[in-house]
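Chemist: Each chain, letter by letter, is given below.
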Amino acid sequence: MKNEAIKVFQKKKKNILEAWMKFQLEDEGLREDLMSNEELRSQSDDLINAFTSNLKDENIDDPKSNDFEPIVDILNAVSIARARQGYSPRETGMYVFSLKDALVSILQQEIKDPQELYTQTIKITRIIDNLGISTFESFIKGREEVILRQTDEISEISTPVIRVWDGILALPIIGTLDSSRTQIVMENLLQEIVESGSSIAILDISGVPAVDSLVAQHLIKTVSATRLMGAECIISGIRPEIAQTVVHLGIDLSDVITKSSLASALKAAFNILQLQVITKRQQSITNNQ
Amino acid sequence: MEKIPILRMGNLLLVTIQVDLYDRLAETLEADLVQVIKKTDAQGVLIDISAVSIIDSFMGRIIGNIATMSKIMDAETVVVGMQPAVAITLVELGLPLKGVLTALNVEKGMELLKEKISRKEDNRGESDDGDSE
Chain A
1 MKNEAIKVFQ KKKKNILEAW MKFQLEDEGL REDLMSNEEL RSQSDDLINA FTSNLKDENI
61 DDPKSNDFEP IVDILNAVSI ARARQGYSPR ETGMYVFSLK DALVSILQQE IKDPQELYTQ
121 TIKITRIIDN LGISTFESFI KGREEVILRQ TDEISEISTP VIRVWDGILA LPIIGTLDSS
181 RTQIVMENLL QEIVESGSSI AILDISGVPA VDSLVAQHLI KTVSATRLMG AECIISGIRP
241 EIAQTVVHLG IDLSDVITKS SLASALKAAF NILQLQVITK RQQSITNNQ
Chain B
1 MEKIPILRMG NLLLVTIQVD LYDRLAETLE ADLVQVIKKT DAQGVLIDIS AVSIIDSFMG
61 RIIGNIATMS KIMDAETVVV GMQPAVAITL VELGLPLKGV LTALNVEKGM ELLKEKISRK
121 EDNRGESDDG DSE
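Chain order of the listed sequences is A and B.
Take the first sequence: its position 251, counting from 1, is numbered 251 in the numbering used here, and each next residue is one higher.
Take the second sequence: its position 4, counting from 1, is numbered 4 in the numbering used here, and each next residue is one higher.
No wet-lab data here; the hints were simulated from the structure.
Listed below are the simulated DSS-like cross-link pairs for lysine-lysine, each with C-alpha atoms no more than 25 Å apart in a straight line:
1. B:Lys98 to A:Lys221
2. A:Lys221 to B:Lys108
3. A:Lys259 to B:Lys98
Predicted model only: the values in this text are computed from it and were never measured.
In isolation and in its complexed conformation, chain A is listed as follows (with noise of 0.2 Å):
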């Protein structure tokens, strides 16, 4: 014998939908600057047909059941593509409670017996708990997903190589430096030096939040790298911080040149390019002599 709560979706599916939108749309959350009523409409019919079509008298009582998850499958869609376009998990999880809402009115005007009501009741009650739980767990997963995407940018974008002069290039380093990262600063610089020619590069790593041993291996990894190439590397931005830690450390910075701030490391580099920087006032007291 069928459950009689199964019999009434199935019979009242119109019903169903006509209520959860109803319900959708007095609910002051409603987010019609992000998705259509039309839209929603469609969206909530595909669920509610996953849903009265998977719902069965084997799994009424089992909210893990493994027939739920076309169910799961769908919300996990949507939610994903909620939390893309900026729903809050609240209103993402709203949305789901509200079809018990409609569910459990259609409930009371078809069942008449209070204890069975009752019982159905809490059934597709804890149904319902279960998919709206699986709903912001996907969501945190596509924010996941947004995040690694960013991490992935910010590492792809933070590593400019910049000609400050003819010969010097200018490496700021922003952020954590790891082992990968440094692969691809360490690529983009050797690749820079052989296209411009440059024969000195600076590292500056004002932008770096903490030397440890093996930031500093890595550090010294590139500068050995550039030195093969046969350019000159010069480390700058050494903050006091640093200088404790990698003196506490033990890292031997001794065969590398240092200097605190960019400006020093420029004027270090000038001096071994046997640059000079004068201004035009001196400029034209030397002509005039």
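Based on the hints, put chain B in the right spot on chain A.
Modeler: This is chain B only, laid out in the frame that chain A set:
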């Protein structure tokens, strides 16, 4: 057998490696070069490895060896034109070729060599102690 030519330019020797080095070739080069340095009394050696795209630890060591050998035979050695990938490989292999002079291209390498040689001669003339900075 294949051989890497060693060209003489005044008091300098020019070695351009145009093929990917393999072990035997590198060993032959090593032996040949010290012989030529001896014969010509060269002051400097310039090794162009711009065409070398693959390098292993053995080859890295050979290049380092050649540089050290010429140095103790009183010839400055400059390795020029290393490709980025080769440089990264050597560093990852833990062979930063310390003590070997490097330059970006042949032109810069020549300049560096000439400067080194003239400085060396100056020092000899003055017979001062201590290396100049």
